[in-house]
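Trainee: Read off the chains here:
Number of protein chains: 2
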Amino acid sequence: MATKKIDRRGIVAGAGLATAGIAAAASSFPKPAVAQNTPELKWRLTSSFPKSLDTIYGAAEVFANALQAATDGKFQVQVFAAGEIVPGLQAADAVTNDTVEMCHTCSYYYFGKDPTFAFGTAVPFGLNSRQQNAWMYDGGGIDLMNEFYAPYNFVGLPGGNTGCQMGGWFRNEVKTVADIEGLKMRIAGIAGQVLAKLGAVPQQIAGGDIYPALEKGTIDAAEWVGPYDDEKLGFYKVAKYYYYPGWWEGGPMLHFFINKAKWEQLPESYKAAVTSAAALANVVTQARYDARNPKALRTLVANGAQLRPYSPEIMQACWQAAQQVYAEISEKNPAFKKVYDAMNAFKNEEYLWFQVAEYAFDTFQIRARSQKS
Amino acid sequence: MATKKIDRRGIVAGAGLATAGIAAAASSFPKPAVAQNTPELKWRLTSSFPKSLDTIYGAAEVFANALQAATDGKFQVQVFAAGEIVPGLQAADAVTNDTVEMCHTCSYYYFGKDPTFAFGTAVPFGLNSRQQNAWMYDGGGIDLMNEFYAPYNFVGLPGGNTGCQMGGWFRNEVKTVADIEGLKMRIAGIAGQVLAKLGAVPQQIAGGDIYPALEKGTIDAAEWVGPYDDEKLGFYKVAKYYYYPGWWEGGPMLHFFINKAKWEQLPESYKAAVTSAAALANVVTQARYDARNPKALRTLVANGAQLRPYSPEIMQACWQAAQQVYAEISEKNPAFKKVYDAMNAFKNEEYLWFQVAEYAFDTFQIRARSQKS
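Here the protein sequences line up with chains A and B, keeping their order. With the numbering used here applied, the first sequence has no gaps in its numbers, which climb one by one up to 373 at the end. With the numbering used here applied, the second sequence has no gaps in its numbers, which climb one by one up to 1373 at the end.
Just to be clear, a hint being listed does not mean it is correct.
[Said to hold, decoys possible] Covered by chain B, per the in silico footprint, the following chain A stretches (three or more residues, Cβ under 8 Å):
1. 115-125
2. 160-166
3. 191-204
4. 241-247
5. 292-302
6. 309-319
7. 360-367
Simulated from the structure, these hints should not be mistaken for laboratory data. Cβ coordinates follow ideal geometry from the N, Cα and C atoms, glycine included.
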C-alpha cells in the first residue's frame, strides 16, 4: 500500500518541494533571466532552544547566515533564543499570531493542540533520521504536514535532526515491566501516554527543573536528548543509569515554521533561497550531532554514567502499548489517522530495505571496531 | 585520537563551510545590506550519469533548479548527461581543463590518478551515509578533500548519496573464500584491489556492457548500485544471486566539482547560493534513494532475484585484505595516508556512538515489522 503513497514523481514535482517554490523553477528551466522583486527584509526568528544547546540552537543560525549570504544581505533573519521574545514552547504560537515571521522548533511541542503535530518530529517506533527525510522530501510528508499546519497559519520546512535519541536517565535500573509501574518520569506527548499504559506517571517538567527534581527524587527518571546535549545538564550525577534507545524518537526532526501570509508574500527567489538554506541547516545539524555525540558519550561514561539497553520485555511492552495508543487516537482524530497510516505504511516499506544492505553493513562495522588493524 | 580531529568549533567556523563562503557571512552577522555584484551567469555542468538513472542524474537538476530560482534566474546552470559533452568518467577532467565550469560525479572515479580520490565517495569498510556527511560537514572532511583536490583545479561540495549499496549480482552462489578465487567480477578501485588479494580478477566494464558480459559468462559477477538503479538494468535475468552489503560503499557520496578559478570569481552571494543548493541536492538525493529502493527491491525479488548476505567468512577475509591494501597504499602515498588516518579515526568514534541508540532502535524496528498491529 505504501507504493501508492510513494508515487514520487507527482509528489516531488508537484507538491513537497512546490511548497518551497522549487517546482515552479524546475518546470520552466531554462528560462531567460527576468528581473524580479528583491526587497530588503528583516525577519525575526524565535528559537525554542537556549543558546547553551549550541547544536540545536545553531541550526537557526546556519539557516539565517546562509540565507543572508545568498541574498546579498537583503534578506536578514535575526535569531532570538527561547525566552527572548516568547518562551520556547510558544514559538509556533508566535508564528501563528504573526508576532514573529518564523520560528525554529519541534512540531511535537504542540501535541497538546492536536497529537498530529507529533509526526513532524517523531512518534514512538516511527522513522529513523534518514527515513524521516525520505518521507518528508520524497514520500509526501512535507505536503501532508503542511496540509495539517495550514489552519495554524504557517508552513513548515525540515530544519535538522538529532538522530535517534537516548532513552533517558534513571535513578535505578529498570529491567522488567513491573519496574516501570509507578515510575515518575519526565516525558511528554505520545510517549508519555504509552508509558502511562504500563503504569508509569509521566511528568511535564521544563529543562532547567529536571536536575533538581531528579536529585530530590521528585521524579525517578527523565528523558532529554542524547550525549552531546545531555552532558551539559549533568544528569549522570543524580541518575546514573543511561538507557537506550529512545524508542519514541528514532529520528526527531526539527522544523522551521513560517507565517503563511509572510511566506506567500515572498518573491519566488526568496522562497527558493529559504528552502535551500533550510536544507543546509537540516543536513549540517544532523552532521554536527553525529560528529559530536561520540566524544560526549565517552565523557559521560568516564564520569560514571552506566549505559543500559532497554530489555526486550520492556521494548515489546512499550511497542504493544504504542499500538493501542495509536488506535485510540486514530479513532477520535481523522487528521491523526490519515498521517499515521501514511507514515506507518512508509516505515514498514523503509525497514524492508534498511534491514538488507544498511543494517548488514552497520552490523559488520560495529563488530569490526574491536579488531583494529 | 579522533577527538582532536573533531574539535569542531574551529573546523565549522573556519574551514569546511568557509570553502563555501558561509563562514564569512556568519562572522559579520548582522550586517547592513551591501549592494554587491549579481552578474548574469550561464554555466555548463557535465554529469557522470545518464538521464535514465533519474535519481542520481536528477541530483544535478535539483541543484541547478534551486540555484536558478534563488538567484532570480541570474545564475543558470545547464545540466548535460554523460557523453553529451564528455564521457561520464572524464567529468572531473573537463572541470580541471575548464571545458565546463562544473560537474556532478563520484570522486572515486578518478582513483586511477590518485587513490586518495576515493575518500570523497566511499572506501571499503568506511563510513555510512550519515557518517560521511558528519565527516564532511563537521569533521574536517570538506577541507581535507579540497586540500587534496586543489592541484586538480577544482573545489568539491557534497552532492548526494545513494546510501549503502548492494554487494553485486552473481551467476553462482559464493559461500566461502575459496568461491572467490578466480572469480571475474566487474568492480573497480580499492574494492577491486581488495578482492584481488583473495584471488578474484577485477574487471573494468562500462555500465552498458555489464549485462551482455554476465549473460555470456565473460564475467561471473558485477556490482552496480542498489535496487532502484539495478532494476533498470535487468541483471536479475542473467545473474540471480543478489549479495549484500556492498562493504566497499557503505555511504557513497556524490560530489559537485567546480573549477577553482570560476569558483573564486563568484560573488560571495553566489557562493552561498551554490553551497545551499548543493545541500538541498545532497539531502533530496539520499531521500529519493531511500524512498524508492523498497519498491524496487520488492520487484526484483518478485522477478526471481535471490537475496544473499555475504558470509561472515567472506566479510572477515575482505576486511583483512582491505587493511593490507590500506597499509600498502599508505606506505607509498602520504596524501592517501593523511586522509585515511583521519577518516578511519573518525569512523571508529562514529560507530562507538552508532552502536548504541541508532543500532538498537533499528534492530527493534526490523524485528517489529513481522508483528504488525
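Trainee: Counting residues of the stretch 160-166 of chain A whose CB is closer than 8 Å to a CB in chain B, do you get three or more?
Mentor: Coverage by chain B holds for the stretch 160-166 of chain A (4 residues, Cβ < 8 Å).
Trainee: Holds or violated: the stretch 292-302 of chain A covered by chain B, criterion of 3 or more residues with Cβ-Cβ distance under 8 Å?
Mentor: It holds: at least three residues are needed, and the stretch 292-302 of chain A offers 6 whose Cβ sits within less than 8 Å of chain B.
Trainee: Test coverage of the stretch 360-367 of chain A by chain B using CB-CB distances below 8 Å; three residues minimum.
Mentor: Check passed, 7 qualifying residues.
Trainee: With a C-beta cutoff of 8 Å, work out whether three or more residues of the stretch 115-125 of chain A approach chain B closely enough for the coverage to hold.
Mentor: Result for this restraint: violated, n = 1.
Trainee: Check whether three or more residues of the stretch 309-319 of chain A sit with their beta carbon closer than 8 Å to a beta carbon of chain B.
Mentor: holds (count 4)
Trainee: For the stretch 191-204 of chain A, count the residues whose Cβ lies under 8 Å from any Cβ of chain B; is that count three or more?
Mentor: n = 0 at 8 Å, threshold three: violated.
Trainee: Taking 8 Å as the Cβ threshold, is the statement that the stretch 241-247 of chain A is covered by chain B upheld or broken by the three-residue rule?
Mentor: n = 4 at 8 Å, threshold three: holds.
Hints 1, 3 from the list above are not met by this structure, while the remaining hints are.
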